[in-house]
Each structure stands twice: as C-alpha cells, then as structure tokens.
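There are 2 protein chains.
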Amino acid sequence: MAKFTIAIHGGAGTILKKEITPEQEKAYTTALGQALADGFAILEKGGTAVDAVRTAVVSLENIDLFNAGKGSVFANEGSQEMDAAIMDGQTLKAGAVAAVKNIRNPIELAYTVMTQSDHVFLNGRGAEEFARQNAIPFEPDEYFFTSLRYEQLKQAQEKGEMMLDHRPLNHDKKFGTVGAVACDASGNIAAATSTGGMTNKKFGRIGDSPLIGCGTYANNKTCAISCTGHGEPFIRAVTAYDVSCLMEYKNLSLQDAMRFVVHDKLPQLDAEGGMIGVDAQGHAALVFNSEGMYRGVKNNKGLHEVSIYKS
Amino acid sequence: MAKFTIAIHGGAGTILKKEITPEQEKAYTTALGQALADGFAILEKGGTAVDAVRTAVVSLENIDLFNAGKGSVFANEGSQEMDAAIMDGQTLKAGAVAAVKNIRNPIELAYTVMTQSDHVFLNGRGAEEFARQNAIPFEPDEYFFTSLRYEQLKQAQEKGEMMLDHRPLNHDKKFGTVGAVACDASGNIAAATSTGGMTNKKFGRIGDSPLIGCGTYANNKTCAISCTGHGEPFIRAVTAYDVSCLMEYKNLSLQDAMRFVVHDKLPQLDAEGGMIGVDAQGHAALVFNSEGMYRGVKNNKGLHEVSIYKS
Numbered sequence: 005m006a007k008f009t010i011a012i013h014g015g016a017g018t019i020l021k022k023e024i025t026p027e028q029e030k031a032y033t034t035a036l037g038q039a040l041a042d043g044f045a046i047l048e049k050g051g052t053a054v055d056a057v058r059t060a061v062v063s064l065e066n067i068d069l070f071n072a073g074k075g076s077v078f079a080n081e082g083s084q085e086m087d088a089a090i091m092d093g094q095t096l097k098a099g100a101v102a103a104v105k106n107i108r109n110p111i112e113l114a115y116t117v118m119t120q121s122d123h124v125f126l127n128g129r130g131a132e133e134f135a136r137q138n139a140i141p142f143e144p145d146e147y148f149f150t151s152l153r154y155e156q157l158k159q160a161q162e163k164g165e166m167m168l169d170h171r172p173l174n175h176d177k178k179f180g181t182v183g184a185v186a187c188d189a190s191g192n193i194a195a196a197t198s199t200g201g202m203t204n205k206k207f208g209r210i211g212d213s214p215l216i217g218c219g220t221y222a223n224n225k226t227c228a229i230s231c232t233g234h235g236e237p238f239i240r241a242v243t244a245y246d247v248s249c250l251m252e253y254k255n256l257s258l259q260d261a262m263r264f265v266v267h268d269k270l271p272q273l274d275a276e277g278g279m280i281g282v283d284a285q286g287h288a289a290l291v292f293n294s295e296g297m298y299r300g301v302k303n304n305k306g307l308h309e310v311s312i313y314k315s
Numbered sequence: 005m006a007k008f009t010i011a012i013h014g015g016a017g018t019i020l021k022k023e024i025t026p027e028q029e030k031a032y033t034t035a036l037g038q039a040l041a042d043g044f045a046i047l048e049k050g051g052t053a054v055d056a057v058r059t060a061v062v063s064l065e066n067i068d069l070f071n072a073g074k075g076s077v078f079a080n081e082g083s084q085e086m087d088a089a090i091m092d093g094q095t096l097k098a099g100a101v102a103a104v105k106n107i108r109n110p111i112e113l114a115y116t117v118m119t120q121s122d123h124v125f126l127n128g129r130g131a132e133e134f135a136r137q138n139a140i141p142f143e144p145d146e147y148f149f150t151s152l153r154y155e156q157l158k159q160a161q162e163k164g165e166m167m168l169d170h171r172p173l174n175h176d177k178k179f180g181t182v183g184a185v186a187c188d189a190s191g192n193i194a195a196a197t198s199t200g201g202m203t204n205k206k207f208g209r210i211g212d213s214p215l216i217g218c219g220t221y222a223n224n225k226t227c228a229i230s231c232t233g234h235g236e237p238f239i240r241a242v243t244a245y246d247v248s249c250l251m252e253y254k255n256l257s258l259q260d261a262m263r264f265v266v267h268d269k270l271p272q273l274d275a276e277g278g279m280i281g282v283d284a285q286g287h288a289a290l291v292f293n294s295e296g297m298y299r300g301v302k303n304n305k306g307l308h309e310v311s312i313y314k315s
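Read top to bottom, the protein sequences are chains A and B. Quick note on this note's numbering: the first sequence kicks off at 5 and runs consecutively. Quick note on this note's numbering: the second sequence kicks off at 5 and runs consecutively.
Don't read these hints as lab results, they were simulated from the structure. There may be inaccurate statements among the hints.
Just so you know, same-sequence chains aren't split out, so a pair can sit in one copy or run between any two.
Claimed, not checked - Heads up, simulated DSBU-like pairs for lysine-lysine below, C-alpha to C-alpha not over 30 Å straight-line: (1) K49 to K97; (2) K254 to K314; (3) K97 to K269; (4) K206 to K105; (5) K22 to K7; (6) K305 to K30; (7) K269 to K49; (8) K49 to K254; (9) K225 to K269; (10) K97 to K254; (11) K49 to K30.
Just need the whole structure built from these sequences, with the hints factored in.
As structure tokens, this is what we get:
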C-alpha cells in the first residue's frame with residue numbers, strides 16, 4: 005500500500021512552556037488532533053492531498069484557539085483581515101486571498117480562486133465580491149468576536165505577559181498561523197496556509213502566508229511546505245520555494261533542506277518560526293527555531309504525533 | 005574602474021512589429037532611452053543601485069506610454085489599481101504595495117515601505133494611509149486619465165486589433181509592466197517593478213510584479229531580476245527567485261539561468277513574457293519568449309542598447 009501522510013501546524017511562537025496550564029495544553033492538543041484526524045480521513049478514503057489540506061485547515065479555522073478563521077486576531081482598525089493560500093503540487097495551480105473580511109473559511113475561498121478563476125491572487129473587497137459570486141459563506145463580525153474560550157485565553161496570556169514584560173507583546177498571537185501539507189496515496193502533494201495576521205497590524209499589511217513561494221508552496225517534484233513565523237523575513241527569504249530549490253537543484257532531502265532553511269538561512273534575517281513539509285514519497289518533517297510550534301503528523305504506517313514544544 | 009550597469013524594461017508582449025508606426029516606435033525608444041539615461045546618471049555619480057532603479061522606474065511611471073504610474077490601465081471598476089516592488093540585494097530588504105490608487109509613483113511608495121516601515125508588503129487603502137503619513141504625492145484621477153498620447157495610442161491599437169481578431173484582446177496593455185535592475189560601482193544590485201495590472205482586471209487581482217520572488221528579486225550573491233508577462237504563471241513558477249536559485253545552487257551564469265527559466269520552464273506553464281537581470285559583476289541579460297520586449301541596457305564599458313523586437 006502506498007504511503008500517505010498529513011502534517012499540520014497551528015503556528016510557531018507558542019505560549020511559553022512554563023506558563024501553559026494543563027487545561028490549555030489539552031485544549032490545543034485536542035484541537036490539533038481533531039484537525040489531523042479530519043484531514044487524514046480524507047486520505048484514508050482515497051481522497052486527494054488538496055482535499056486533505058483544505059479539510060484540515062478548515063478544521064483549524066473553525067475553532068478559536070488559532071489565529072485563522074474564527075480565531076483571527078484584530079487588525080488595527082478593529083476588524084479581522086484574513087489571508088490564505090493553497091497550492092496543488094501535481095498541477096502547480098495555486099489560489100490565494102489577502103485582506104478579506106467576514107469570510108468563514110478563507111482557505112475555501114483560496115481554493116475557489118484556484119479552481120474557479122483565471123487568477124492566482126485576489127485581495128480585499130474584490131476578493132469578497134468573488135466570494136459572493138461563488139457562494140462562499142460569510143459570517144457576521146460576532147462570529148469572529150464572541151468566543152468565551154478565546155477571551156479566556158487572551159486574558160491568561162495578557163496576565164502572563166504583564167508579569168514578564170521583556171517578552172515581545174502578544175508573542176503567541178503574532179505567530180499564530182495555521183497550515184497543512186499532505187501526500188496522498190497517488191503521490192500527489194499539496195500545501196495550505198491560513199492566517200488572521202498580526203495583532204494590531206496596520207496599513208493593510210500582508211504577511212508571507214498567502215504568498216506563493218514564501219509561506220506556501222507545493223510541487224510534486226520536490227515538496228509541499230506551509231510556513232509560520234514572523235512574515236516579513238519569510239517573504240524576503242522566499243522561504244517555501246527555497247526548500248523546493250534546495251531539493252531540486254542541490255538534491256537535498258526534505259528534512260535536510262528544511263533544516264538548512266530554518267536553522268541556517270532564516271536566523272541570518274532574525275526570523276523566528278518554522279514550517280511543515282512533505283514530499284511525494286510521503287516523508288514528513290516539522291522544523292522550527294522557536295520555543296515551540298503547535299503541530300501534528302500522521303501517516304498510514306503508524307506515525308501519529310501531536311505536540312507543542314521541543315520533545 | 006568598476007563596472008556598473010543598468011537595464012530597464014517597459015513590458016513584454018509589444019505591438020506587433022508589422023503594425024507599429026515609425027512614430028510609435030520612436031516615441032517608445034525615446035522614452036526608454038530617457039529612463040535609461042536617468043538611471044545611469046545616478047550610477048555615474050556614484051549613486052546606489054537602489055536609487056538608480058527607483059529613478060529609472062519613476063521616469064517610466066511618469067510617461068503615459070507604459071502600463072505603470074501615469075499610463076496605468078483601467079481596472080474593471082473604472083479606476084487604476086497599481087502594484088510595485090523594490091528589493092535591495094545588499095540587505096535583502098524589500099518593499100511592495102498592491103492595489104493602490106492615485107499614487108503618482110508607486111515605486112516610491114514601495115521604497116518608502118522598505119525604508120520607513122517594519123513591513124514588506126502593504127495593500128489597498130491601508131497602503132494609501134501609509135503613503136499620506138509619509139508625504140508620498142497623490143494625483144487626481146485626471147492625471148491618469150487625460151493624456152492625449154495615451155488615447156491616440158489606444159485608438160491605434162484598437163484599430164489594429166479589430167483588423168486581426170484572432171489576436172488576444174489588448175495584448176500590448178496586458179503585459180505592459182515597467183522595471184529596472186542595476187549594479188552599482190560598489191557591486192551592490194537592486195531590482196524594481198511597477199505595473200497598472202491588466203486591463204479590465206476584476207476582483208482585486210494581484211499579479212507577479214509586487215510579489216518578492218515572483219516578479220521582483222535581488223540578492224548580491226546571485227542576481228537582481230524584474231519580470232514582465234502574464235502574471236499568474238510567473239507567480240506559480242516563483243520566477244525571479246528561481247533564477248537566483250539556479251545561480252546559487254546549480255552555479256549557472258545569469259544568462260544561462262534566465263534563458264532556462266524563460267525558454268524552458270515558463271513555457272511549461274504557457275507563460276509568455278520575459279525578464280531583465282544583472283549580477284554583482286555588472287553582467288546584464290534581457291531575455292523574453294514573446295515577440296518583443298520594450299527594453300534598454302547601458303553600462304560604463306560602452307554597452308548602450310534600446311530595442312523593442314528580437315534583433
């Protein structure tokens with residue numbers, strides 16, 4: 005039987021290990037485990053890598069623990085602006101959206117851009133008009149706003165941060181992006197990333213998540229990659245495609261290419277964060293240079309892990 | 005004396021050679037020659053590659069023959085939405101803007117994002133707010149609208165296209181992006197690209213021009229690249245950074261890397277267009293797979309060319 009694999013992340017730059025409560029840790033690992041199971045179920049039924057990553061990201065977008073979809077952070081103007089991208093490694097087709105508001109599942113809008121438009125990248129109100137024409141579900145502001153669990157978590161974090169005032173403000177939420185990569189039983193791979201961006205982001209800032217080659221990339225010849233971290237250096241390093249090029253042009257393995265980028269190249273740009281990747285043989289790697297990365301990986305050969313911190 | 009070089013483009017996908025009038029050809033080559041001279045003058049005075057590419061692109065944005073700045077095409081909603089990016093190969097710093105309206109010189113806004121903000125990529129009204137706070141000049145709609153020369157050219161093109169109805173509609177304007185790359189006397193390189201996008205573009209579409217690694221990239225270790233062509237496949241191919249990776253990881257020369265990408269890789273995605281590039285030794289290359297590319301190149305060792313079609 006062919007090997008099929010899915011990996012997910014819920015962002016790097018986690019709550020510090022010494023601050024997380026057992027209840028918080030359980031909430032995160034339960035949510036990650038559910039998203040992993042949802043995506044893996046698609047692969048088990050013979051579904052495509054594209055559908056598996058969509059499904060896993062939708063699962064992460066629909067809960068309020070991560071900075072994407074329902075849990076998106078507030079931009080400076082008081083509303084959530086969300087970004088997402090998806091890429092199909094078999095066809096090199098891609099779809100992405102930036103600065104969209106009130107979209108329940110931005111990854112589904114990115115998927116619809118990929119499959120139903122002549123374009124790759126739509127933004128802002130134009131992207132929302134495209135969403136309406138394609139019957140993509142919208143949600144009112146309250147959907148993104150009222151979660152008790154989100155408020156509780158935020159209060160806990162604020163408390164922690166006030167006690168440790170040398171820590172970067174809102175460290176957790178700043179890096180909280182979600183993503184998934186998968187290799188299906190046919191050896192096709194795909195990547196998807198979704199984010200609510202940075203807390204207090206201003207000026208219509210777009211990070212690396214929706215940028216093909218930066219936060220998201222997939223190519224059956226090499227790898228499918230979804231990144232999380234401080235977006236600006238990830239853009240300047242063209243991070244996801246760099247892993248692909250190291251594999252294609254220098255014959256590095258997935259793991260070696262990802263380690264080189266995360267541990268050697270990104271630190272030169274003071275970039276903290278990480279990435280998940282698969283190749284078309286079903287290998288997976290989850291690499292980060294931050295204290296932790298919410299993550300999970302599962303294949304049909306017995307691998308099944310969900311974790312937050314370095315082991 | 006060190007070698008310094010500048011190359012510029014005014015878009016691939018030109019007016020067909022059999023249709024261009026001598027007057028049109030002269031207008032294009034005069035404008036290209038002036039932008040080349042403006043950028044080269046910066047290098048001659050010992051200025052930086054970043055300032056040289058800014059200056060050349062501003063020159064191209066300020067005339068109405070090219071699809072950028074003043075000459076930007078109309079989006080579907082009746083106004084021009086412009087995109088631009090700049091990257092400094094010495095620092096890997098970059099600035100980009102997308103979907104901005106009424107900005108006289110989008111490349112100057114991108115430069116200000118690079119130098120005066122913590123971000124790389126701003127879009128839409130947020131980017132315009134950042135522009136206002138940084139005293140970037142705005143122009144009224146009429147500035148982008150009323151040029152006699154633009155209208156004349158447009159009429160001429162429409163007439164040509166009606167006579168040849170199998171040609172893609174508005175072929176010229178579709179690909180009309182401007183860009184510059186330069187290597188200064190210190191061996192620092194930079195790239196800049198600016199565009200008004202596609203005629204009749206809808207849904208807030210963003211092309212490759214403002215995307216770091218796709219339409220624009222610079223790194224002293226390898227190359228500075230500015231692309232022009234059908235944006236979507238240029239995004240999916242992560243075109244500009246691909247040239248850089250072929251140089252860094254496969255030791256290809258600038259010319260060989262550009263030729264491989266333009267003539268072998270892009271056609272696999274049905275991508276028509278081209279690119280200009282320099283390396284830190286002052287070599288330049290101008291490569292395209294379309295019938296023509298408005299272009300020019302000049303260095304301090306006697307090279308000085310301005311042309312539109314294949315030689």
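Hint-by-hint comparison with the structure:
Taking the closest pair of Cα atoms, K49 and K97 come within 30 Å of each other only inside a single copy of the chain (23 Å); across copies the shortest separation is 45 Å, beyond that limit. In the homo-oligomer, the alpha carbons of K254 and K314 lie at most 30 Å apart inside one protomer (28 Å), although the nearest pairing across protomers, at 34 Å, exceeds that limit. Taking the shortest Cα distances, K97 and K269 sit within 30 Å of each other both inside one copy (27 Å) and across copies (15 Å). In this assembly of identical chains, K206 and K105 lie within 30 Å of each other by CA distance both inside one copy and across copies; the values are 15 Å within and 18 Å between.
Taking the closest pair of Cα atoms, K22 and K7 never come within 30 Å of each other, the shortest separation being 37 Å inside a single copy and 56 Å across copies. When the C-alpha separation of K305 and K30 is checked against a cutoff of 30 Å, the pair qualifies only within one copy, where the shortest distance is 25 Å, while the shortest distance between copies is 67 Å. Within a single copy, K269 and K49 get their C-alpha atoms no closer than 38 Å, and across copies no closer than 34 Å, so neither meets the 30 Å cut-off. Taking identical chains as interchangeable, the C-alpha atoms of K49 and K254 are never at most 30 Å apart, the minima being 35 Å within one chain and 40 Å between chains.
When the C-alpha separation of K225 and K269 is checked against a cutoff of 30 Å, the pair qualifies both within a copy, at 22 Å, and between copies, at 13 Å. When the C-alpha separation of K97 and K254 is checked against a cutoff of 30 Å, the pair qualifies both within a copy, at 24 Å, and between copies, at 26 Å. Taking CA atoms no more than 30 Å apart as the test, K49 paired with K30 passes inside one copy only; the shortest distance there is 28 Å, against 63 Å between copies.
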